[in-house]
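S.K.: Quick one: dock chain against chain with the hints and give me the complex.
Read top to bottom, the protein sequences are chains A and B.
What the first sequence shows, in the numbering used here, is residues 48 to 330, in sequence order.
What the second sequence shows, in the numbering used here, is residues -1 to 367, in sequence order.
Certain hints may be false.
Here are the simulated distance ranges between beta carbons [to be verified]: (1) M99/A to D9/B: 43 to 53 Å; (2) I230/A to E344/B: 26 to 36 Å; (3) S47/B to K258/A: 20 to 30 Å; (4) E344/B to G295/A: 52 to 62 Å.
In short, the hints are calculated from the structure, not lab data.
We treat Cβ as the ideally placed atom computed from N, Cα and C, and that holds for glycine.
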Amino acid sequence: MIRSVYVLGEQGNMLYSKDYAKSESKADLVEFLINLTQFLGTVDLENKTEFMNVAISRIFFAQRDSFTFMFVADKADDSTQIEEKMEQLVDSFMRDYANLASANQPLDGFDDKVDEIAVTMVKVAILGFAGVGKTTTLHLLRGETLPLVHDPTIGVSIKKLPEEVENANIVLWDLAGQSRFSILWAKMIANAQVVIIVTDSTLENVLRSKKLVTLVKDEVPDAKVIGIANKQDLPTALTPERVGQILGIPTYELVAIDISYRDRLIQIIRRAILEGKAEAKVA
Amino acid sequence: MPEATFVVHLDDFQGFLVKQRYPSTLTLNEKVLNLIFYEQQKENKENLSLAEIEGLRIAIFSSPQYPKWMVCTVLGAEEEFDLVTEGLAGSGRLILALMNEDADAVNLEEIVKAGSILEKTSEEQKLAEIFLTPSSALLLERMQAEGVEKAAKLSIWLKNQVQDEVDLREAMAPLMNSGVVKVEMIGKTAEMVFLVKDIFGYRAPPVESIKKASHTLPAIANQYNEYVTSFFSPPPPNKGYNPTLPFTDPNSPILEDREKISRLLADSLNYMVLDALRTEPLTAGEVALKTALPESIVKKVLWSLEASKVAVHFEDEDIWALLTNPRIESFLPEYVLPMIKKKVSEKEITPQIARRHLELLMQSCGEPT
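Just chain B, same shape as in the assembly (with noise of 0.2 Å):
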């Protein structure tokens, strides 16, 4: 058990102020404040590092997402770092992700006690981040009617499209921390970026948890089937979410909803309450329970949930269910062989790149997605 566990934030005009705390006997003074900081800025990426201060033993958690905020936790003479540092890093991203809802309804001392930790991000929050970031999208983009290309000249392309400077790999990013693209040397002087999945971002219909509620929740059942009913295929003349119509017809709900979902599961809250959900109708108090949330941040994901008809809420029995599941699939794109096979024909790609490509189909379609 940590000695102590304190929220720093550095304020543009107050300087240091230190949010939380717990115990609340637990006094900092202005130096060890500073140098907190001081160790944390040496790293830019989400970290937990440790820094010895003033006799302390401090471990110090930050990420980029939000700049100038500190968790840290001053550790036990017995404790070892390398120990605790997964249980650190999860109740840091946690503290932090609550911090930016609603600073002073933190319970540091719940969270704390019950070692409530927040995951790294799923596969699916990783997928979600594709959409978030224009330019990765673009690139998605680009490799569908491609399959596999130079980095160079994507590099050229991309460029043209933003008329902007943009950093290849940047843009690159959360189409490689997902697995959808692969970039790989072939040869000694081209680099290639290989397209080995697709994704489609849709809302399925909830049937788990209509299933569930149907055996365990009759009082709902009924009524919950008509809510999901008429967001999918309402009476004519409505047309309902079709997720499978083309971009280019006007009832296609993806383009202006895509986003929306990506947002809902990148955002690690949401997703959190919304996967719970999955499964079964929950009463808050129960995906409070499940996730290991504060039941008032909770409910207000579960607010907002409902605002973006994702959730619904049954007042009377106060039961809150799924009305749409947001997901993000990954699937083989079976379209890239004619491509890859037109591509070697017109000498545009070399043998081996196209055997290469074939391969890193192969092994990404054998993982488990």
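Looking at chain A on its own, in the form it has when it is part of the complex (with noise of 0.2 Å):
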């Protein structure tokens, strides 16, 4: 997702800038951006929106006439995504607003495109073998009325949480659990920022689930990969704690079936969208 929207002028001049989602260090990383400024001057971009890695961030940047652009998003982010936006930022400030800041004028209006232009689509993807209670989770998170009868889900199944998360739209994708969709896993979760590896909490199943782990990281090593212990109303379910040290990664215990519990599972998505993977932590 974006996390923060700068644009600076020909000295380095801050002329916008809006927060969306905690980043790296302000201070610093606002020193750094003007210092990057600088030294985009001495180059030519040529109209294109280019990144570089900083930590667990990635900063995009674009030059137009003596205007810099820039984002600081995540490194799980869909790079054609964020150059898109880019674009649309770039595009709507030098129409509307790039006479404006030249003459020193307020920028009225410029704040509300730029939240029309920042939001950004986040893929969740939601994985686990078959009955474990994906779907159940999907269902949780949408605040629907859960289906009394189980029917496997064919392929994927895809669908948004109803409110958006700061300034992020979740897109959940729901993965068949079913070994024969098996083949399917490594094409679905591409360019996912968090996976929910989902388990039902019995030794057998956390063991097979060890495989998930390996493939998400293989396949999405930006994401960030959190467990759910789920059917913790089952006497025979493990601890959260347990399922997550047999995972090696953080997890979060679940009763699908309960809505209580769907309040504290959008918080758990919120903090992993929001922290990125470098600050994974067990809560």
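M.R.: Next comes the structure, spelled out in structure tokens:
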């Protein structure tokens, strides 16, 4: 997701800035961006958007005339998507606000425009073997009535989270767990920023699910991976701590058929998106 | 006539998108799209498969060149899959190539009704693939120096060159597919790689097209001649284009240009337009008719060919002609004969291997190239 938006003038002066979520230490970042702007003055980007990786973030930048535009986003973001957003931002600024900025006038209405542009799509993939409760988790997240009959998912079921998280639209990809669909998993998790691995908290299933963690780390190394120890209401359930130890990823308890878990789960996803991969901690 | 045709793309965020459909009244649900993708994923090569999904017989075409794209055709009750495979694969290939250029501009109805297809890659295109795969081009250079070599030795050499794990079979594939090398087991243990053809990529003068223009298009003939002359032999001190100069000569155009030529030839849309212009200058509309490609695509390709100094545009007459004719040709590598002789006398290869190499050379030069 886009965490911050900056527009700088010729002298590296800040014309506009907005933060949607916390990123690296802000003062250092601003100083870095000003230096970057001065450096960019010496090269020609040919109206293209470029990016560089800085710690857990990816900074996208573009220059037009004497203005420099920057997004602080995540490494896991789809760069094509962010580059398109950058083009929209640059076009809108150059069309309606460049003259105002040059004349040191307030940029009325630009803030709303940025809000409109900076909404990104964040993909959250839900992965796990058959019957562990992935689709139930999806229904829980969407606040829907739970189906009484088990109807195995075919391929993938894609739904949006009804509410936005900060400036991100969350798209949930509920992947079919049956083993015949395992050939699709690697393709389906491409570009996911968060992957939720759901287990039914039985020892056998959790041990099998270790394979999924490896798959996810190979296919989407920049994604944040979290474990779900579902079916905690059953007597055979391992504790979430134990499940987390076996899987080697931060893991949270869940009873997907209990609506009271909904807010907690949304908070977990929200934190996963905002914190990014490097700061993953077991709650 | 199929009942319906549609193009599906798996978008990483939005999931399955039906990008084009004909007829436009066709409706599809998520389950059908999922099952189509599942069937298609079972195979990973260029593939046309038939699946029965929700009572529909759907032929699915996909190609590793365009991952996550599928062209699907709902077959009519009376249609025999085996009888229509070639046409479906050809139109699938064309639709995906066009979607890749500009997905919104594709007119599925026009393509389906006209039965337009894209042929399988031609011999020339297969040769072009060699220069587009860096490790294949390296292997070719090695084979030009060795003539015949053990596969195992070649594999070790290649690993040292690229400093990385590399699959010899994969690097060898373009060379084998185009018949430039042959790989055979000689005896029980030695897997040998034989060079049986060599290739040369260059821009030829568009002789046939110029001749035709002088007969049928006097309005452009003189100017056309001038354009071509100034490319190949401009007045001194300019040197012009001379592909016979050795690699070491600073004026040699080959190294920097060969990849460009290969890229042009390997791209099927470019190749079709280029091939249509080889015999005569044409208007964009005529190229579209000759190739059965939509005119908007033909124009795009022509502009890109103009930028690569392959085509020229006579604006007043609105005619396009070839400025240069990119070619990749194969020839018999006579220079391997003394190499074979030397290797036998130094006991590097057995007489049996040498004999087999000569046989292969004879077979390959007897084939039409």
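S.K.: Would you pick out the hints that fail for this structure and give their numbers low to high?
M.R.: 1, 2
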